[in-house]
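Spelled out, the chains give:
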Amino acid sequence: MMDRMIIDGLAFALPLFIIAVGGIYSERSGIINLALEGLMGFGAFSGALAVVLVLRSFPGLQPQGIYIAMIFAMVGGALFATIHAALCIYFKANQVISGVVINILSVSLTAFLTRQLNSLIFKAPSDRFQLGVANRITIPGLSEIPVLGAAFRNLYPFQIAIILVAVAAYVLFEKSRYGMRLRACGDNPHAVAAAGVDVERIRFSAVVISGALAGLGGISFAYSISANFSPMIYMGYGYLAIAALIFGNWGMTTTLGAALLFGFARSGGYELARALEMSSTFNDITMTLPYVLTLILLIFFSKTNRVPRSLGEIYDKGKR
Amino acid sequence: MNKKNPLTAFLGNEKWQWLSIPVFAVVLSIVAGSVVMLLMGKNPLAAYVGILQGAGLVPKPNYAGGTGMLTDFTSFLDALAPMIFAALAVTVGFRAGLFNIGIAGQMLLAGFFATLLVGYSDLPWYLAKPLVLIIAVTAGALAAGLVGYLKHRFNISEVVSTIMMNYIIAYVTSYYIKSYFVNPVSRQSEYIQPAASLTLKNLRVGGVRIDVSIGIVLAVAAALLVYYLLYKTRLGFEIKAVGANKQAAEYAGIHIGKTTVTAMMISGGLAGLAGATFYLGHYASMQPGVLAGLGYDAIATSLLGNNHPLGVLLASVLITTLDKGATYMSSKVGVVREISGVITSLILLFSATGTYIRYRVNRQRQEQKEQQEHREPPEEQSASPAPGEVSAQQVEKSREANLKEGGDEA
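As given, the protein sequences belong to chains A and B, one line each in that order.
Counted the way the numbering used here counts, the first sequence spans residues 1 to 320.
Counted the way the numbering used here counts, the second sequence spans residues 1 to 410.
Don't take each hint at face value.
Partner residues aside, some chain B positions facing chain A, computed with beta carbon under 8 Å [as the list claims (entries may be wrong)]:
1. Gly41
2. Leu45
3. Ile163
4. Ile168
These aren't lab readings, by the way, just hints derived from the structure by calculation.
Since this is a predicted model, take the numbers as computed values, not measurements.
Glycine included, each C-beta is placed from N, C-alpha and C at the ideal position.
Hey, can you work out the whole structure from these sequences and the hints?
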């Protein structure tokens, strides 16, 4: 039971975390990103579409499908994020509004394209791309450790990819010159501009990165929880990622903690219901656990939150 | 620059920008939608007419027995009511600087309690219907008021807390519906008693079936009331002041916490009414665990309506038309239904750039004005030293620019 809780918890927490990392990139550069939900969904759509098309021509590539999907999900998410970036940075739109609009656009556009492409290419009136659940990997050796070894058992391939990407994202964010400038953009863009750096360009790239990371998270959900791409992917995990990053106070490691908490609260709730042999309808009650927990924890931690100072402000070169 | 001139003139009139920019966005997206349909080899005109026909605004070529244009139109009004309420809920929150994403959850909670307490009772209609409204308003207002309180007291972003509450409400109500009043065949809650319903269904008028919506009357009244509240009352002024600048409002002696909670409760109450007209009017039943997409679309509708109660009325009509007419359009023209969602979101996308358009247009006019001033000596008369060389357009422009200047000073 403990094993299953760890395995399922991680499978949920890591995609959530990588989406939240995307949010951190965007928000620490000064752009509010409520669009994570839409970016995640569009990324998942792009990845799923790529796989379905590739497998149609080369059915032998089935085992490699998930890697193709991950790459295209990141590309698709990044491309879709340029809309949010352009609206917020060049069109000076209200960033909250832009985020909501991107989400609505993402839902309707992917629903439209999925149905249209299905009938066009596969001659089937379906609203989903079937993917199946990814094969799981167990790391020999490490998985033998008692209790904690479960963290290395039955891993989805995307979990390993997420860890690698997250490490790279961490290094870029915390240790590189680009990362330093990005963080400075969120607090004092005019100081960054005075140092001769193009603020708009940094912010644009940050939003694009956030789209790529959200796309990776999205395709991971598509390959595990739903086993397909359909409009059902818009379950609000993008919003949950926003909650995680606010709860994590816009820091990488603290956000990882928040995401893990969500993951384990979720799988723990399921296991609890199973252990108490409650009917499956009771799952609805245990499913509220991560959300109730967030609300309660926020009551204790929100006072000390430090929001990036110029988050949500439209950058105007002429204004000092 | 000269080419853009008619457009600049159309969009540049600041008095009408609240209307002209959304209209511009709508036209742009209709054009974009047409291009998509042309690419798919479909006739866009037929599609748009199909949407109007589906919404009962234009007669269809033929009707099934017992239905008519009035059937479609009354059904459209029935669907319009919750949209107006929900969009007004967003508007009130927005004006107070609060982003209420929890409309869907507040609707669900209100619909749930109204269904549970009144929907299955034997109360006569004159008790049941008002009770439904009262319960819905109370449930919505309390749920949203809690969000406002958490925001003020604990500094919890209303964006996060409303999202969390959406899920909590969706799951908890789903559990109760599934356990106690689910219909095993439809997997939805049992239909409510007609006495409690806010829509009088299947009335016969002149041989056709119609649904008479009580909600739409209330919704239009609510829009007028919100207008009155925001523009004619002290509370409305305080709400807008807090939304515009918290520090300044506090300095002016406005109680931030009280205003925040009150605005949120009004917003939630309106969301509750949206829930009542949605779950106990248009549908008469609830789907367990599903948050209404309307709750999110309402955010967009309110934005399109410039967060102005009367603009919201117009925007609601437009968005509901697109949604309601989509099914008929889809079967008539053979375009998938989802295209109407795409057009809706394009409208929103373009209207999100409204600030930018306003900024560009106004700057362009400014530039034109400055150019004129450079070229011209101060007096109007000597503005055209060689009359033959100055085009009529330029004179028109300069006159406009001068008018503009006067307008700015006024």
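- Any hints this thing doesn't respect? Which numbers, in order? Those not satisfied are hints 1, 2.
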